[in-house]
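Chains as they are written, first to last, in our numbering: chain U, 1 to 182; chain S, 1001 to 1127.
Any given hint could be a false lead.
Okay, the calculated beta carbon distance ranges per label pair [claimed, not checked]: (1) G125(U) / R1027(S): 31 to 39 Å; (2) K1005(S) / F164(U): 41 to 49 Å; (3) Q1094(S) / K131(U): 18 to 26 Å; (4) N1116(S) / D42(U): 38 to 46 Å; (5) E1109(S) / G137(U): 15 to 23 Å; (6) D42(U) / K1005(S): 29 to 37 Å; (7) T1014(S) / K131(U): 23 to 31 Å; (8) K49(U) / N1034(S): 28 to 36 Å; (9) T1052(S) / F164(U): 51 to 59 Å; (10) E113(U) / T1056(S): 42 to 50 Å; (11) N1116(S) / L124(U): 16 to 24 Å; (12) P73(U) / T1052(S): 41 to 49 Å; (13) K159(U) / K1005(S): 42 to 50 Å.
The set of hints was computed from the structure by calculation and includes no laboratory data. Computed from a predicted structure; not experimentally measured. C-beta atoms are modelled at their ideal positions from N, C-alpha and C, and glycine is treated no differently.
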Amino acid sequence: MTIKLLDFYNLMDQDDIILSYKGDVSSDLVSSVLQIIESKMDKLEEPSKIRKKVYNVLVETLQNLYHHIAENPGLSSKEEVSSVIFLIGKSEDYYIVSTGNFMENEKVNQLKERINKINDLDTLGLKEYYKKVLNNGIVSDKGGGGLGMIDIARKSGHKLAYNFNKIDDQHTFFSLLVKIGE
Amino acid sequence: MENLKIDGTPKTPTIEFNLEEGKLLIRGRSIPENSIEFYKPLIDKLEEYLGTPQETTLVKIQLEYFNTSSSKCILDVFKKLEKIKSNGSDTIIQWYYEEDDEDMLEAGEDYQAIINIPFKMIEMEEQ
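Make the full structure from the sequences, and use the hints.
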């Protein structure tokens, strides 16, 4: 291990990161993270409006990671691409939820198009798009069906920032950054 | 017909469906990873009820949070209620939201726009 813990601490401190995690995502992990952040926001006496938006975005982003890995044997069976990373940060004015995961190269374009489509919509457009997808009758195995990213954008109130880093001829690393607050 | 009662957990809501009284309550948080599995007993119970519903069916939805995985299941619940209504039961949905929780009010309005049942939006004081 070459990393110096103090450097790591300072890095987190300077970027206002409350919590960071790298590893596998389980249902229990999602519960624990939600609990930690909820009590943190309680302690900070955040207005309930912000608290609820952050909570909602966290639920959707973490469950996206969970389903993405759990329902993709090509990722979950390979240790080097089954781990995810996420950071939760708080600056003076807003919260940041950022997630990173590996994905298969052939799915990149579809995801990019979906996010771009969402980013092109304003508040009202997002509401209409949400209702359309809600009522389209398509349900994934576990119930989602394409609403997660729209909901994240609605609760965030900001454009979704993202990045795709190609790793090799099979995998790409996808990072998403969601800002919540003014 | 037996009533349905499911106790709430940190990720799933309390569900109480009293078929003799025609009363359904969903209260708490609905953020399970697998919503279809969680809502199946309720969907089945509604299916059982819709053939011979009570004169009135009162539905109280009092959710603090719900994830998008639950939102399609909640829509399925409402679609069953539409059938119950068209089978002659006077059906009303009371949608509760906490004071200042515009997102939850809006979520109720989104359903209201899709579902052909009268909605009553009820604001609660923050607990």
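* Okay, K1005(S) versus F164(U) on CB: inside 41 to 49 Å? -> 47 Å Cβ-Cβ, so the 41 to 49 Å window holds.
* Confirm or reject the claim that T1014(S) and K131(U) have a C-beta distance inside 23 to 31 Å. => holds (27 Å)
* Range hint compliance [Cβ, E1109(S) to G137(U), 15 to 23 Å] -> Taking Cβ atoms as reference, E1109(S) and G137(U) lie about 21 Å apart, which means the hint holds.
* **Consistency of beta-carbon spacing, F164(U) to T1052(S), with hint 51 to 59 Å** => holds (55 Å)
* Asked: Honestly, do Q1094(S) and K131(U) meet the 18 to 26 Å range at C-beta?
  -> For Q1094(S) and K131(U) the Cβ distance comes to about 21 Å; the hint holds.
* Supplied distance hint 42 to 50 Å, evaluated on CB atoms of E113(U) and T1056(S) -> holds (47 Å)
* **C-beta pair G125(U), R1027(S): status relative to the range 31 to 39 Å that was hinted** => With a Cβ separation near 32 Å, G125(U) and R1027(S) satisfy 31 to 39 Å, so the hint holds.
* **Verdict for P73(U), T1052(S) (Cβ pair) under range 41 to 49 Å** => holds (45 Å)
* Asked: Could one say that the CB atoms of K159(U) and K1005(S) fall in the range 42 to 50 Å?
  -> For K1005(S) against K159(U), whose Cβ atoms are near 44 Å apart, the range 42 to 50 Å holds.
* 28 to 36 Å as the expected CB spacing between N1034(S) and K49(U), which holds or is violated -> holds (29 Å)
* Honestly, do N1116(S) and D42(U) meet the 38 to 46 Å range at C-beta? -> holds (40 Å)
* To do: May I ask you to test the hint 29 to 37 Å on the CB atoms belonging to D42(U) and K1005(S)?
  => With Cβ atoms ~30 Å apart, the hint holds.
Checked against the numbered hints given earlier, this structure breaks none of them.
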